[in-house]
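Visitor: Starting from the known structure of chain A, fit chain B onto it as the hints suggest.
Quick mapping for you: the protein sequence lines, in order, are chains A and B.
Positions in the first sequence are counted from 1; adding 253 to them yields the numbering used here.
Positions in the second sequence are counted from 1; adding 253 to them yields the numbering used here.
Among these hints, one or two may not hold up.
Simulated crosslink set (BS3-like; lysine-lysine; CA at most 27 Å straight-line) [claimed, not checked]:
id: 1; chain 1: B; residue 1: Lys326; chain 2: A; residue 2: Lys902
id: 2; chain 1: B; residue 1: Lys564; chain 2: A; residue 2: Lys758
id: 3; chain 1: B; residue 1: Lys327; chain 2: A; residue 2: Lys902
id: 4; chain 1: A; residue 1: Lys564; chain 2: B; residue 2: Lys759
id: 5; chain 1: B; residue 1: Lys902; chain 2: A; residue 2: Lys886
id: 6; chain 1: A; residue 1: Lys759; chain 2: B; residue 2: Lys573
id: 7; chain 1: A; residue 1: Lys566; chain 2: B; residue 2: Lys690
id: 8; chain 1: A; residue 1: Lys759; chain 2: B; residue 2: Lys564
id: 9; chain 1: A; residue 1: Lys721; chain 2: B; residue 2: Lys758
id: 10; chain 1: A; residue 1: Lys759; chain 2: B; residue 2: Lys721
id: 11; chain 1: B; residue 1: Lys748; chain 2: A; residue 2: Lys573
id: 12; chain 1: B; residue 1: Lys564; chain 2: A; residue 2: Lys748
id: 13; chain 1: A; residue 1: Lys759; chain 2: B; residue 2: Lys566
id: 14; chain 1: A; residue 1: Lys326; chain 2: B; residue 2: Lys899
id: 15; chain 1: B; residue 1: Lys327; chain 2: A; residue 2: Lys899
id: 16; chain 1: B; residue 1: Lys863; chain 2: A; residue 2: Lys899
id: 17; chain 1: B; residue 1: Lys891; chain 2: A; residue 2: Lys721
id: 18; chain 1: B; residue 1: Lys902; chain 2: A; residue 2: Lys573
id: 19; chain 1: B; residue 1: Lys496; chain 2: A; residue 2: Lys886
id: 20; chain 1: B; residue 1: Lys886; chain 2: A; residue 2: Lys496
id: 21; chain 1: A; residue 1: Lys496; chain 2: B; residue 2: Lys891
id: 22; chain 1: B; residue 1: Lys715; chain 2: A; residue 2: Lys715
id: 23; chain 1: A; residue 1: Lys566; chain 2: B; residue 2: Lys450
id: 24; chain 1: B; residue 1: Lys721; chain 2: A; residue 2: Lys758
id: 25; chain 1: A; residue 1: Lys566; chain 2: B; residue 2: Lys748
id: 26; chain 1: B; residue 1: Lys759; chain 2: A; residue 2: Lys721
id: 27; chain 1: A; residue 1: Lys507; chain 2: A; residue 2: Lys370
id: 28; chain 1: B; residue 1: Lys863; chain 2: A; residue 2: Lys715
id: 29; chain 1: A; residue 1: Lys719; chain 2: B; residue 2: Lys715
id: 30; chain 1: B; residue 1: Lys758; chain 2: A; residue 2: Lys564
id: 31; chain 1: B; residue 1: Lys758; chain 2: A; residue 2: Lys327
id: 32; chain 1: B; residue 1: Lys566; chain 2: A; residue 2: Lys758
id: 33; chain 1: A; residue 1: Lys748; chain 2: B; residue 2: Lys566
id: 34; chain 1: B; residue 1: Lys690; chain 2: A; residue 2: Lys564
id: 35; chain 1: A; residue 1: Lys326; chain 2: B; residue 2: Lys748
id: 36; chain 1: A; residue 1: Lys748; chain 2: B; residue 2: Lys573
id: 37; chain 1: A; residue 1: Lys690; chain 2: B; residue 2: Lys566
id: 38; chain 1: B; residue 1: Lys721; chain 2: A; residue 2: Lys748
id: 39; chain 1: B; residue 1: Lys902; chain 2: A; residue 2: Lys566
id: 40; chain 1: B; residue 1: Lys748; chain 2: A; residue 2: Lys564
Worth flagging that the hints you see were computed from the coordinates, not collected in a lab.
2 protein chains.
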Amino acid sequence: SVNPDLASERQTASFNVEELTAWLDGGAEHTRIRRAVVEAIQSDPVFSRENQYFQSQNERYEAAVRKAVHLQKKMREMGWTENGPEFKYIYRALSGDVAFLLQRVFMRSILVLGSDKQIARWIPLASQYRVIGSYAQTELGHGTYLQGLETTAVFDTTTQEFILNTPTVSAMKWWPGDMGRSATHTVVFAQLFIHGKCYGVHPFIVQIRSLQDHSLCPGITAGDIGPKMNFEHSDNGYLMLQKVHVPRENMLSKFCEVQPDGTYVRWGSQKINYFPMTTVRISIISDEVIMPLMKACTIAIRYSAVRRQSKLKPGEQEAKILDYQTQQEKLLPQLAAAYAFHFINNYLQELLDRGYGEIERKNFDTLPELHAFSSGFKAMVSQYCTSAVEICLRACGGHGYSLLSGLPSLYTRILASCIYEGENTILLLQTARFLIKCFMAASAGQPVPPSVTYLAAVKPGKCPAKNKLDFLSPAIYTEAYQHTAVRLISSTAAKLQDLIQSGVKKYDAWNQCTVQLVQAAKAHCHYIAVKNFAETVEKLEATAGIQKIMKHLCDLFALHGIFSNAGVFLHDGYISGTQMDMATGSYLDLLAVIRPDAVPLVDAFDFTDKSLNSALGSYDGQVYQRLYEWAQKSPTNKQISPAYEKYLKPLLHNTLSKL
Amino acid sequence: SVNPDLASERQTASFNVEELTAWLDGGAEHTRIRRAVVEAIQSDPVFSRENQYFQSQNERYEAAVRKAVHLQKKMREMGWTENGPEFKYIYRALSGDVAFLLQRVFMRSILVLGSDKQIARWIPLASQYRVIGSYAQTELGHGTYLQGLETTAVFDTTTQEFILNTPTVSAMKWWPGDMGRSATHTVVFAQLFIHGKCYGVHPFIVQIRSLQDHSLCPGITAGDIGPKMNFEHSDNGYLMLQKVHVPRENMLSKFCEVQPDGTYVRWGSQKINYFPMTTVRISIISDEVIMPLMKACTIAIRYSAVRRQSKLKPGEQEAKILDYQTQQEKLLPQLAAAYAFHFINNYLQELLDRGYGEIERKNFDTLPELHAFSSGFKAMVSQYCTSAVEICLRACGGHGYSLLSGLPSLYTRILASCIYEGENTILLLQTARFLIKCFMAASAGQPVPPSVTYLAAVKPGKCPAKNKLDFLSPAIYTEAYQHTAVRLISSTAAKLQDLIQSGVKKYDAWNQCTVQLVQAAKAHCHYIAVKNFAETVEKLEATAGIQKIMKHLCDLFALHGIFSNAGVFLHDGYISGTQMDMATGSYLDLLAVIRPDAVPLVDAFDFTDKSLNSALGSYDGQVYQRLYEWAQKSPTNKQISPAYEKYLKPLLHNTLSKL
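Isolated chain A, as found in the complex:
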């Protein structure tokens, strides 16, 4: 039965939850397919996550392999294909704890970087799982800076082979997924040497384990890199190569080739190399960043409607903690952000689809913009959502700290998204470089991509808001965000030029501006996120109820940003202190306005209890009963600890030697 404290929250929804869910899914038909996939996966005991919080790294790895293998079977049974409408929901249904995710990266790198012949040879093997692939780029000593990779591949004209080598400990491949224990093959990135000359980093297909008995191939040292904050199910690995011979045909050669005599030939555009990274970053935002935040909001908000603590009004029952302003101010802005980023994800997908269309017409002009946007938003959204999940965790007090709440694993997992596929600070600096370039171009009257034409429109001006209600106008706050983004970009560009003109070397000047450049890039992304949310609400074709609550969330997202980053809005007086008080007033008022819809708004995300895997977040709100039931299953309660006989008993019976 549903806890009455949660049931009552659902009776007062100002909108139709099912309608909102369908809209978020992109239509009721998508909702239907998604639910069917989730049901098929979650009703299958092989995919159970029931004991996940009690498992060791070894157990989680084994379960992930079991699930990955079973998934192949399941897909055939269900008639799901990689191009079918069901495919994108499988990962959501599994909640990520599955092995061989690198198989797709292995295949994609061959498809993008391999010759037709290589594709014809390897793709069928990989798609039938006759080989298990990994992707060995990162080394112990080098991550985002690829040019610095130390692994070498020396071409030997005599044998027509590349000899791959790990020259130092820091050159060891480190972190690649599926490589520590599973993979039979991997794409190794190494510096190519021919006749003593270095031609830079190139990809090579290298077999690392026997297809017969899985033993390591000659010259290969490989293993698991050990425990991490999360991803225990994944065998992130290390790989050392000692004079490993690889046939000439194994260098991926869509864009370049080493001929038998050692002649190096290169052709085609290299720009397209950015494209796979761009698509990966955008897919991360949805699956690994926004989804966990939606789950964290669901857990924390449902729990806050059930948890009663202390009295708000003397003489009354203890209050739901969601009725305290401080709790609302912790959780509701994170909920608004989850919606904001869901819409930004749609925006990025459209940008990507348009860019891909251009690329197919051999027009690569959109690539810099796409790269800048995917980098900036990957960084900004992952950082924002990681903090947001942590806020949700802390807002649940002690019980949030228990693994059984589901929040710790959401947090430790989303945290990794700030680091992998490009460290966030470096990504933001790439976005900043693009913005500075566009700003200079716009200032000089040159054309810039449509998304950044606003940079040309630098106006000093003041915010026209005259009262609290004015701050609920999207025109007012969007303009404030735009003004701030332009100001931060233009003032940093000016500082950069001043430094260079005063004789500071260009690279030094850049380094001295990087803290502010990062701030400017974030402000740009924040502006686009607010603008996009406001436009989404405006275009929204739905019942009045949904439009209304979405407008409230949009306002909250925007005003939370102004409240939390007040300095950048106040700095040049665009917003005055008095106006900031108005904005703050509107912001705090909104919390109470949205509060009654908080539970319906997370219900609309439509996560099953099995997806949440949380004793605090289940649909029925029976949190205490569930915490107690789940705790009893802990391995710590399955046996009397040997510590009693060994240490406790002699201590208590005072028979410890020499005591």
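Guide: Leaving out everything else, chain B in the frame of chain A:
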């Protein structure tokens, strides 16, 4: 051998590291004793933490019990006593992974709340470990709000016993340390009922396990609450009481008593009950909050001096990541904060000692101030340091995410300090209540405690800084912090009064101001921290080198706060936009000034490699070698996973049924 990149950092220190260490310890003699304790503990293999990152919850519990038992022996051997100078270093040397820490809380609660007879009976038993005690206050449904506890203790005049009962699932005791598997006794907090009348929450000593065979006593259900983000070594437990009979003598009765006929008698002041909580909070700040941040800074800064990535200047060697402005801006402010909070800890200790002196003279007037300060600083410092440790972790990129870096366990552990011993938001609101009260009193010309007399000095005014260098004047920035704190407290007090005057009920008005009250309380603590740092530097009797670098750190701590919370300084124009640019300029310049001393500044914290337990942070800087060595010890590399035979082999050999 020491990595040359780290060795070179130590050759250019602008001060004597050993002298700084001694000063931090409070004198060279303390340093000597500390090192002796650390050496004695860490050279003893029983206390080894070598495999900690690979251990299961069961294994860590067993190790913690083994260490706790061995520690008794060690202390006798070494001649260390609870009152000796060595005692306070033992916990640091062990790095916390030890059981029976609740024994001290059990004993303290008896000493503070028990009658002389109870003390005479229980303290000798507990100090000889003839019983193992716990402290059962928190319930599944109630944490910080003690009045809401649901456990009942009904006095039965016939049997002269209390009958303890857990009336609902939510009334189960939940979280108490050492209770899940170890404790034989616990202090249970329960609502006292006599002849049907409730007398509020009282403490009772309850035996939960047999002293003979450790089996649960009649009516007792107890166990471990399962996995948490950290504290795997601790058996946080649950406890259900079903009509458990406890003799009348077991209610702790220093301040009240139930007489045989059921008459309830109360005497003495209850105010003193605050005092133990206050001392616990202050001890947490040092051991559980500042120490982990110092470790995290040591690891991240040493690693950043060794990690080279990308080129700062074209044509040169790859740069140490510590040479990038963004990396400096991540780490150096956290280092400055570690120093700032070390000094705040000294300040709080002095406040506590003075308060304790007054209490011994039966003067309880300082208790509200002590309570407000210990609450506010526990919250502010734990929140600040938790974020700081997370920044250190993220600043180490992928390797920071590996448990072997030591950073994940520092983070997951310090995070708990935001929750236990009073949830931070609630604590900050208690501080805010004190501040508002003092502000009202000061405004009315009434006397207030010396630490808050500044609240009486409300001046509008403007910051007098005229150039960048002015912001390196402690008078300038301390005044700015003071101004901001007063403004936030006074404006919130005004809002509160306005609301009440406009007819809003007092408790509603309070709730509507809580977001701003929390902000005001933090601003107050931040002001005191900056002021105290500046005064510490001023009073500092040391060589010029140390005074100089401490002054830089103080400036950095203060300016980082202004840069990061620009809005509150700009709000009323106390600092103008132009001045904010000056402050930012000074702030960023300081990073380059402190950079050359970064490694010596963390060396001065004087953590041994065993204390850090980090592959990235060791004194010798051989990070890649150590990561590789440690990873090989992982249990994931100790066996071929059964997943190969079961799932991988049939997949690769294409012999999976039905595939």
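Visitor: Next step is simple, just say for each hint if it's right about the structure.
Guide: Hint-by-hint comparison with the structure:
With a C-alpha separation of about 15 Å, the suggested pair Lys326 of chain B and Lys902 of chain A falls inside the 27 Å cut-off, and the hint holds. With a CA separation close to 14 Å, the supplied pair Lys564 of chain B and Lys758 of chain A stays within the 27 Å bound. About 19 Å separates the Cα atoms of Lys327 of chain B and Lys902 of chain A, which keeps this hinted pair within 27 Å; it holds. This hinted pair checks out: Lys564 of chain A and Lys759 of chain B have alpha carbons roughly 13 Å apart, not beyond 27 Å.
Of the pairs offered as hints, the one joining Lys902 of chain B and Lys886 of chain A is violated, with about 32 Å between alpha carbons and a cut-off of 27 Å exceeded. Distance check on the hinted pair: Lys759 of chain A and Lys573 of chain B sit about 19 Å apart at the alpha-carbon level, within 27 Å; holds. With a CA separation close to 21 Å, the supplied pair Lys566 of chain A and Lys690 of chain B stays within the 27 Å bound. Among the hinted pairs, Lys759 of chain A with Lys564 of chain B is consistent with the structure: their alpha-carbon atoms are about 13 Å apart, no more than 27 Å.
Among the hinted pairs, Lys721 of chain A with Lys758 of chain B is consistent with the structure: their alpha-carbon atoms are about 23 Å apart, no more than 27 Å. Using a Cα cut-off of 27 Å, the hinted pair Lys759 of chain A and Lys721 of chain B holds, with the two alpha carbons roughly 23 Å apart. For a cut-off of 27 Å, the pair hint linking Lys748 of chain B to Lys573 of chain A stands: about 25 Å separates their Cα positions. Distance restraint check for Lys564 of chain B and Lys748 of chain A: the Cα-Cα separation of roughly 22 Å lies within the 27 Å cut-off, and the hinted pair is therefore satisfied.
A hinted pair counts as satisfied when its Cα atoms are at most 27 Å apart, and Lys759 of chain A with Lys566 of chain B qualifies at roughly 9 Å. At most 27 Å may separate the alpha-carbon atoms for a hinted pair to count; Lys326 of chain A and Lys899 of chain B meet this at roughly 15 Å. Straight-line distance between C-alpha atoms of Lys327 of chain B and Lys899 of chain A comes to about 17 Å, which keeps the hinted pair within the 27 Å bound. Straight-line distance between C-alpha atoms of Lys863 of chain B and Lys899 of chain A comes to about 26 Å, which keeps the hinted pair within the 27 Å bound.
Annotation: proposed proximity of Lys891 of chain B to Lys721 of chain A is violated, straight-line Cα distance about 64 Å (limit 27 Å). Distance restraint check for Lys902 of chain B and Lys573 of chain A: the Cα-Cα separation of roughly 54 Å exceeds the 27 Å cut-off, and the hinted pair is therefore not satisfied. A C-alpha spacing of about 25 Å is found between Lys496 of chain B and Lys886 of chain A, which places the hinted pair at or below 27 Å, so the restraint holds. At roughly 25 Å between alpha-carbon atoms, Lys886 of chain B and Lys496 of chain A fall within 27 Å of each other, so this suggested pair holds.
Only pairs whose Cα atoms come within 27 Å are accepted, and Lys496 of chain A paired with Lys891 of chain B is accepted, the gap being roughly 26 Å. Of the pairs offered as hints, the one joining Lys715 of chain B and Lys715 of chain A holds, with about 22 Å between alpha carbons and a cut-off of 27 Å not exceeded. A threshold of 27 Å between alpha carbons decides the hint, and for Lys566 of chain A with Lys450 of chain B the separation of about 24 Å falls inside it, so the pair holds. Under the criterion of a C-alpha separation no larger than 27 Å, the hint pairing Lys721 of chain B with Lys758 of chain A is consistent with the structure, at around 23 Å.
A hinted pair counts as satisfied when its Cα atoms are at most 27 Å apart, and Lys566 of chain A with Lys748 of chain B qualifies at roughly 20 Å. For the hint pairing Lys759 of chain B with Lys721 of chain A, the CA-to-CA distance comes to about 23 Å; that is within 27 Å, so the pair holds. Under the criterion of a C-alpha separation no larger than 27 Å, the hint pairing Lys507 of chain A with Lys370 of chain A is consistent with the structure, at around 10 Å. For a cut-off of 27 Å, the pair hint linking Lys863 of chain B to Lys715 of chain A is broken: about 58 Å separates their Cα positions.
Taking the CA atoms of Lys719 of chain A and Lys715 of chain B, the gap is about 25 Å. The hint holds against a cut of 27 Å. This hinted pair checks out: Lys758 of chain B and Lys564 of chain A have alpha carbons roughly 14 Å apart, not beyond 27 Å. At most 27 Å may separate the alpha-carbon atoms for a hinted pair to count; Lys758 of chain B and Lys327 of chain A exceed this at roughly 60 Å. Restraint check for Lys566 of chain B and Lys758 of chain A: the C-alpha separation of about 9 Å stays at or below 27 Å, so the hint holds.
A threshold of 27 Å between alpha carbons decides the hint, and for Lys748 of chain A with Lys566 of chain B the separation of about 20 Å falls inside it, so the pair holds. The suggested pairing of Lys690 of chain B with Lys564 of chain A holds, with an alpha-carbon distance near 21 Å, which does not exceed 27 Å. Under the criterion of a C-alpha separation no larger than 27 Å, the hint pairing Lys326 of chain A with Lys748 of chain B is inconsistent with the structure, at around 64 Å. For the hint pairing Lys748 of chain A with Lys573 of chain B, the CA-to-CA distance comes to about 25 Å; that is within 27 Å, so the pair holds.
As the CA atoms of Lys690 of chain A and Lys566 of chain B are separated by approximately 21 Å, the hinted pair is consistent with the 27 Å bound. At most 27 Å may separate the alpha-carbon atoms for a hinted pair to count; Lys721 of chain B and Lys748 of chain A meet this at roughly 15 Å. The straight-line distance between the Cα atoms of Lys902 of chain B and Lys566 of chain A is roughly 65 Å, outside the 27 Å bound, and the hint therefore fails. With a C-alpha separation of about 22 Å, the suggested pair Lys748 of chain B and Lys564 of chain A falls inside the 27 Å cut-off, and the hint holds.
Against the hints set out earlier in the document, violations occur for numbers 5, 17, 18, 28, 31, 35, 39.
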